[in-house]
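Starting from the given sequences, assemble the full structure and let the hints guide the process.
Residue numbers are given in my numbering: position 13 of the sequence shown equals residue 13, and the series is strictly consecutive.
Hints were generated in silico from the structure; no laboratory data involved.
For every residue, glycine included, the Cβ atom is placed at its ideal position computed from N, Cα and C.
Here are the simulated distance ranges between beta carbons:
1) Pro47 <-> Gly20: 27 to 35 Å
2) Val52 <-> Gln14: 29 to 37 Å
3) Glu11 <-> Gly48: 36 to 44 Å
4) Glu11 <-> Lys46: 39 to 47 Å
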Amino acid sequence: MSDWQSPAAYEHAQDIAAAGMAWEYLRRDDEYRRSFRKMKTLPAPKPGGSKVFSERWGLRFPCRSVAACRPHACFLDTGILA
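Spelled out as C-alpha coordinates, the structure:
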(Lines of atoms letter the chains of each structure in order from A and count residues from 1; the text may use other names and numbers.)
(Lines give C-alpha, C1' and ligand atoms only; values in the text may rest on other atoms or scores of the structure.)
Protein backbone atom coordinates (compact mmCIF):
# COMPACT_ATOMS: atom_id res chain seq x y z
CA MET A 1 0.00 0.00 0.00
CA SER A 2 1.28 3.48 -0.85
CA ASP A 3 2.07 6.09 1.73
CA TRP A 4 -0.60 8.68 0.94
CA GLN A 5 1.45 11.38 2.65
CA SER A 6 4.48 10.85 0.45
CA PRO A 7 4.62 13.07 -2.67
CA ALA A 8 6.69 10.37 -4.39
CA ALA A 9 3.79 7.92 -4.10
CA TYR A 10 1.68 10.18 -6.31
CA GLU A 11 4.18 11.36 -8.92
CA HIS A 12 2.26 9.34 -11.52
CA ALA A 13 -0.80 11.52 -10.84
CA GLN A 14 0.79 14.45 -12.68
CA ASP A 15 0.04 12.69 -15.97
CA ILE A 16 -3.47 11.40 -15.20
CA ALA A 17 -6.36 12.88 -17.18
CA ALA A 18 -9.28 14.40 -15.26
CA ALA A 19 -11.40 11.24 -15.65
CA GLY A 20 -8.56 9.11 -14.30
CA MET A 21 -8.10 11.41 -11.32
CA ALA A 22 -11.84 11.29 -10.60
CA TRP A 23 -11.68 7.49 -10.69
CA GLU A 24 -8.75 7.48 -8.24
CA TYR A 25 -10.95 9.33 -5.74
CA LEU A 26 -14.13 7.37 -6.45
CA ARG A 27 -12.59 3.93 -6.13
CA ARG A 28 -11.40 4.77 -2.62
CA ASP A 29 -14.85 5.94 -1.48
CA ASP A 30 -16.23 3.43 1.04
CA GLU A 31 -19.84 4.21 0.17
CA TYR A 32 -19.17 3.67 -3.56
CA ARG A 33 -17.44 0.37 -2.79
CA ARG A 34 -20.39 -0.83 -0.67
CA SER A 35 -22.86 0.27 -3.33
CA PHE A 36 -20.86 -1.47 -6.04
CA ARG A 37 -20.61 -4.73 -4.07
CA LYS A 38 -24.36 -4.66 -3.46
CA MET A 39 -25.10 -4.04 -7.16
CA LYS A 40 -22.60 -6.73 -8.19
CA THR A 41 -24.36 -9.41 -6.12
CA LEU A 42 -27.70 -8.89 -7.88
CA PRO A 43 -28.48 -11.54 -10.52
CA ALA A 44 -29.61 -8.70 -12.82
CA PRO A 45 -29.92 -4.99 -12.24
CA LYS A 46 -33.34 -3.73 -11.23
CA PRO A 47 -35.18 -1.88 -14.02
CA GLY A 48 -33.53 1.52 -14.11
CA GLY A 49 -31.10 0.45 -11.38
CA SER A 50 -27.98 0.80 -13.47
CA LYS A 51 -29.07 4.28 -14.56
CA VAL A 52 -29.69 5.31 -10.94
CA PHE A 53 -26.31 3.86 -9.91
CA SER A 54 -24.47 5.59 -12.75
CA GLU A 55 -26.16 8.93 -12.15
CA ARG A 56 -25.55 8.78 -8.41
CA TRP A 57 -21.82 8.34 -8.91
CA GLY A 58 -21.47 10.47 -12.05
CA LEU A 59 -20.49 7.52 -14.24
CA ARG A 60 -20.91 7.39 -18.02
CA PHE A 61 -20.34 4.26 -20.08
CA PRO A 62 -21.32 4.49 -23.72
CA CYS A 63 -21.98 1.08 -25.27
CA ARG A 64 -21.77 0.40 -28.97
CA SER A 65 -24.94 -1.66 -28.95
CA VAL A 66 -27.40 -3.11 -26.47
CA ALA A 67 -26.11 -6.61 -27.30
CA ALA A 68 -22.57 -5.57 -26.40
CA CYS A 69 -23.63 -4.42 -22.93
CA ARG A 70 -23.69 -7.33 -20.53
CA PRO A 71 -25.38 -6.89 -17.14
CA HIS A 72 -22.97 -5.15 -14.77
CA ALA A 73 -20.54 -4.52 -17.64
CA CYS A 74 -21.08 -0.81 -17.21
CA PHE A 75 -20.06 -0.68 -13.55
CA LEU A 76 -16.57 0.12 -12.39
CA ASP A 77 -15.04 -2.37 -10.01
CA THR A 78 -12.82 -0.81 -7.39
CA GLY A 79 -10.27 -3.56 -7.73
CA ILE A 80 -10.10 -3.64 -3.95
CA LEU A 81 -11.15 -6.85 -2.30
CA ALA A 82 -12.74 -6.04 1.02
